[in-house]
Structures are given as C-alpha cells and as structure tokens.
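Undergrad: Residues per chain are reported as follows:
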Amino acid sequence: MNTILIVAGKEFRDDFRNRWTVALTILFALLALGIAWFGSAAAGQVGFTSFDATLASLTTLGAFVIPLIGLLIAYDAIVGERDDGTLLLMLSYPLARGQLVAGKFLGHCGALAAATLAGFGLAVAIMQLMQPPAQTLQAWLHIGRFILSASLLGACFVGLACLISVQTVDKSRAAGLALIGWLVSVVLFDLALLALLVVSGGNPVERAVYPYLLLLNPVDVFRLVNLTALGDGAGNDLLTGMTAHHAYPPLLLCLVMLAWAVAPFAWAMLAFRRKEV
Amino acid sequence: MNHAIEFEALAKRYGTLAALDGVSACVPRGQVIGLLGHNGAGKSTLIKLILGLIAPSSGRLDVLGQSPWRAHALRRRIGYLPESATFYASLSGRELLDYLARLKQAPRGQAQALLERVGLAHAADRRIGTYSKGMRQRLGLAQALLGSPELVLLDEPTTGLDPQATRELYRIVGELRADGRCVLISSHLLAELEPHIDGALILRQGRLLAAGSLNALGEQAALPARLLLRPHQHAVDGLLIRLDARGLPAQLRPDGRLELQVPRAGKLPMLRELLADPAVVDLDVREPTLAQLYDWLGAGQRPAAAEACA
Numbered sequence: 423m424n425t426i427l428i429v430a431g432k433e434f435r436d437d438f439r440n441r442w443t444v445a446l447t448i449l450f451a452l453l454a455l456g457i458a459w460f461g462s463a464a465a466g467q468v469g470f471t472s473f474d475a476t477l478a479s480l481t482t483l484g485a486f487v488i489p490l491i492g493l494l495i496a497y498d499a500i501v502g503e504r505d506d507g508t509l510l511l512m513l514s515y516p517l518a519r520g521q522l523v524a525g526k527f528l529g530h531c532g533a534l535a536a537a538t539l540a541g542f543g544l545a546v547a548i549m550q551l552m553q554p555p556a557q558t559l560q561a562w563l564h565i566g567r568f569i570l571s572a573s574l575l576g577a578c579f580v581g582l583a584c585l586i587s588v589q590t591v592d593k594s595r596a597a598g599l600a601l602i603g604w605l606v607s608v609v610l611f612d613l614a615l616l617a618l619l620v621v622s623g624g625n626p627v628e629r630a631v632y633p634y635l636l637l638l639n640p641v642d643v644f645r646l647v648n649l650t651a652l653g654d655g656a657g658n659d660l661l662t663g664m665t666a667h668h669a670y671p672p673l674l675l676c677l678v679m680l681a682w683a684v685a686p687f688a689w690a691m692l693a694f695r696r697k698e699v
Numbered sequence: 007m008n009h010a011i012e013f014e015a016l017a018k019r020y021g022t023l024a025a026l027d028g029v030s031a032c033v034p035r036g037q038v039i040g041l042l043g044h045n046g047a048g049k050s051t052l053i054k055l056i057l058g059l060i061a062p063s064s065g066r067l068d069v070l071g072q073s074p075w076r077a078h079a080l081r082r083r084i085g086y087l088p089e090s091a092t093f094y095a096s097l098s099g100r101e102l103l104d105y106l107a108r109l110k111q112a113p114r115g116q117a118q119a120l121l122e123r124v125g126l127a128h129a130a131d132r133r134i135g136t137y138s139k140g141m142r143q144r145l146g147l148a149q150a151l152l153g154s155p156e157l158v159l160l161d162e163p164t165t166g167l168d169p170q171a172t173r174e175l176y177r178i179v180g181e182l183r184a185d186g187r188c189v190l191i192s193s194h195l196l197a198e199l200e201p202h203i204d205g206a207l208i209l210r211q212g213r214l215l216a217a218g219s220l221n222a223l224g225e226q227a228a229l230p231a232r233l234l235l236r237p238h239q240h241a242v243d244g245l246l247i248r249l250d251a252r253g254l255p256a257q258l259r260p261d262g263r264l265e266l267q268v269p270r271a272g273k274l275p276m277l278r279e280l281l282a283d284p285a286v287v288d289l290d291v292r293e294p295t296l297a298q299l300y301d302w303l304g305a306g307q308r309p310a311a312a313e314a315c316a
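Chains A and B supply the protein sequences, listed in that same order.
Residue 452 in the working numbering is what sits at position 30 of the first sequence, and the numbering runs on without skipping anything.
Residue 248 in the working numbering is what sits at position 242 of the second sequence, and the numbering runs on without skipping anything.
So here's chain A without its partners, still in its complex pose (with noise of 0.2 Å):
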C-alpha cells in the first residue's frame, strides 16, 4: 500500500508540475461561471438565473469535458514510460506491476478530483458570493454531490485510460483509441440508445430495459445522479421526462457509478501482470 501512495504521490505532483491541475481547475471555473451568468442567453437574459439550472447545465457539460480530461490525462501513464524507456527501470524496482498502475490511477484521479474541487467550489463561493439569496444548504449539497460525481466520473476515464496506455504499444495508438473511446460513451452510445427508441417505437420489452441501458454508460449514470436529485422543472425535462417512470435509488446510482470507477482499472492491473515487457 505505502508503495502504491508513493508512485500515486509522484504522479499528483507530476500533474501540478506539469500544470495539469492548475489549468484544469481554471477551466472548470470559467466554465461554471460562464454557464451561471449567460447560461440562460438563449431565452433573453443576461445574468445569474438559478443555482438549480446552472447545475443542471453544468452537468450536461460535464458529461463531455470530463471524460475528455480523464483520458487526456491518464493515456500516456504506462505506454508513456515504455516510450521514454522508464518502464523497464521502473519494473526493476521492488514494486508489483499492480501496485505500478494502481499507482498511476490513484494519482491521476487525485489530481482530477483536486481540479474539480477547486475550480467548481470556487466558482459556487464566487456564485453565493455574489448571489445571497443562493446561499442555502441545499445549493451545497447539490454542488457537493457534482464535485463527487464528476471525479467519479473522472475516475472511470482514467481508469480506461489506464487499461489503453497497458494494452497498446505506443503512445500515439494510445491516443487514438483515447478519442476513440471518448467518442463511443459520449456521443455513440446515446445516440445508439435514440436510435433504439425509435425504431422500437417504445414497445413493453423495450420500456422495461430501457432504464438499466442508461446504467451502461458511466457518462449516463452521471447525468442520472444529477439530475434526478435537481428534479423536475430545471431545464432537464428531457431525461427525466424519459426515466420518469423509473425512480433510480441514488444508492444504486453511487454503486454503479463506483463500479464503473474500478472496473476498467482492475482489468488494467490483470492484463499489465500479464503482460511480456
């Protein structure tokens, strides 16, 4: 354990060093401020609206940037070292091969979620700041859930990440199938799901399978938690219009959602353990 902290210590510090996290975190302030104070542009105002609709838009990009990040940051984490010819070093070392990945991925995830924390709770500090009458537990608990939600979901990434940077045999391979995967949970997969829906025109079978395809998806599972907590009437018609039937407990949200965090990773700790260096 301690020598999976060290590698995950190295790696954090690699993502500050490298400036990794600071940029992230200024991203993802800009991004809640922007939404907050022109997020509602299209429908004639200028200004902050309501805490609940910027959540809800904040979601809906979350659910592309994350993924995005989470595999930009964690591709290169063992392919990398194989490139620059630091694996073999590494390997000599009195470390598994587990604990080499698990490392990686602890530290990336940490640094993910540092950005998240950072850049999202200072734009709600600045948001409640300058807002009184947001200034409610409820906004806090919504906004802690985000942050928690979306460094799960950053986790997931990097954990794929991981098990792409393990199984290809160069950077650039690695990178690709990074977009790749981007592409499939992002934007294939549901547009599969629509494509689903309507040629089934929503017969029984369908209605009832319907649900737990959403669970498929981590980047789904995300939206699910989210905005199924901010209920009805907070510009998430759509999805909830579609899942109203259907109440997910956001226990089995957050396992789910876990379960995804760990599985990619876990794949990538077996297949690296096999793997001939």
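These are calculated hints, taken from the structure and not from any lab test.
One or more hints might be untrue.
Said to hold, decoys possible - Only some residues are given here: those of chain A computed to face chain B with a beta carbon under 7 Å:
hint	residue
1	I428
2	K432
3	R439
4	D506
5	G507
6	L510
7	L511
8	L513
9	S514
10	Y515
11	P516
12	A518
13	V699
Even for Gly, the Cβ is constructed at its ideal location relative to N, Cα and C.
For chain A, the structure is supplied; the task is to place chain B on it using the hints.
TA: Just chain B now, kept in the frame of chain A:
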C-alpha cells in the same frame, strides 16, 4: 550459497524464437563478470530474467538464493542500470533519486551521498532534461547503487561516457567488488572491459559459448601468444632461419621487428631461449586478448556450451 546467480538449462522462448536456449552457468559473489555477445545474443533477455521481469520458459534460475520471477522484495537487493538510461526529464536529479530511494526503501540521505559519489552533486537540482548523456549515465549508476544492492547489473554502462567518466565508473565498480558485491556488466567494448572483469559469460544466438574466469577461458581456448622481436640489423636472416627451423615462421614487420605466434604450452621455454639469443635486442609479449578469445569462440562451429559451474 556462494553464487550470486545460478542457472541451469535456462530457456526463454518467444513463440518459435528462442531468445535463450538452454544455458547453464554460475556467477560467484564478489566478482565482476562481463556479459558479452552481439546484439540479439540474449543478453537483455538474461538480464530481464535475472530481474524477474519475465518468466523463464524452462530451466532453473536462482538469484541471491531464490527464484526472481515476480519476487518483488528480492529486487531491493539488486541494482540495475538500463541500457542508455533515460529518466523523467522534468524531475531534478535529486528528486529522481529521492523518489527511487523511497520505492527501494533505501536509507534517507543515501541519495545525496550517491550524487556526490558519482560526481553529480553540483547538478543535483537541475532538471534531468538538461543533463548531458554522460551525466544521465552517472545518475543511472547512482540509482543502481541505492539500497546498497548485493548484485548490480550494468547494461552497456559506458556508452556515451568520456574516458574520464569511464575511469570513474570502473573505479566505482572496483569499490563494489572490494565490498564483496557481484557486478554483471554487459558490454560490446571488450578492450575497455577486459582489465576490469574477473570472468565472462559469452553468449551467441541464445546459447552460452563460454563461461568462467578469464584465465580459465584463456587456457581452454589455448590461443597462441604473439611475440615481437627486435633483432640486430645484421642478424635478421640468421634469426629467421633459426626460428623457421623450430617450426615458428616469423614475419618481418614494416618497423623492422619480427612477429611470431607461440603456442601457449611452449611459450616459456621459447622465451628463455630467445632471451639468451644475442641476436635479439628487445622482446615484447602480447597475451591473447578478450577480443581474440571472443573472435575465436564466435568463429568456431558453434562449440558446445561450457561446463556448468565448473
């Protein structure tokens, strides 16, 4: 347990390709051993096997008394300098050594001592990306010595080093030997390596051509020594005839000296005779070098592997 490394019928196959094909040898503790062979001879495979990074396909391998495959704790007692070592360019030398020292559970403060020992103390806080090739190699040596390992594996340690740095490296290797540690050096630079090693493992195409002390290998090969004679100017012809009569045809070199090959067994009697010969003004004996031994082994029709643990 007086051997640092012992292997018997050790083989590593990748599909149909045999990177190592049934090699057997022992490496004693407290010695510096050269691991020699062309590219693709199996040196890297053997090093990876010793480090426990790959599993042997068959055969037995003991490193410091245990099987190294996936023996993580064992690697605390082994130091390794990879070929043309590269490190995290964004770290400083000190940060890298501190990180690796923690991974190896080496005493704190050892990093600083090692930086001084390899002559990098002045650059310890610079980014490794700014280091020259020689400095990176010295940093690599420093990390290989973290945790005072009993066995040190150096893969092509002197490529890119200037003569001064090379001498420094072999000085440290000498200190390790004096400390009773085993050092395995893989290298192509036979002439440079020869004065510093006690024995050699010579590989070719996954097979062990020879293993043992340099002395024993020399005896086994029975390569002739070369003699260079400077004769009296007017006595050249007479000397040539006398040597020819002894069955030792000599060649006249452009510098006026005579060169002849003397079989190992008859070397000393021949020398006594020549020393007493008034026609000989000066005499120079060239013992067979490691490079000649290597060529002799490589040129042969794939001689059988040397006896294990002779």
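Undergrad: Each of the hints needs a verdict: does it hold here or not?
TA: Against the structure, the hints come out as follows:
no.: 1; hint: I428; verdict: 5 Å, holds
no.: 2; hint: K432; verdict: 5 Å, holds
no.: 3; hint: R439; verdict: 6 Å, holds
no.: 4; hint: D506; verdict: 6 Å, holds
no.: 5; hint: G507; verdict: 4 Å, holds
no.: 6; hint: L510; verdict: 5 Å, holds
no.: 7; hint: L511; verdict: 5 Å, holds
no.: 8; hint: L513; verdict: 5 Å, holds
no.: 9; hint: S514; verdict: 4 Å, holds
no.: 10; hint: Y515; verdict: 5 Å, holds
no.: 11; hint: P516; verdict: 4 Å, holds
no.: 12; hint: A518; verdict: 5 Å, holds
no.: 13; hint: V699; verdict: 5 Å, holds
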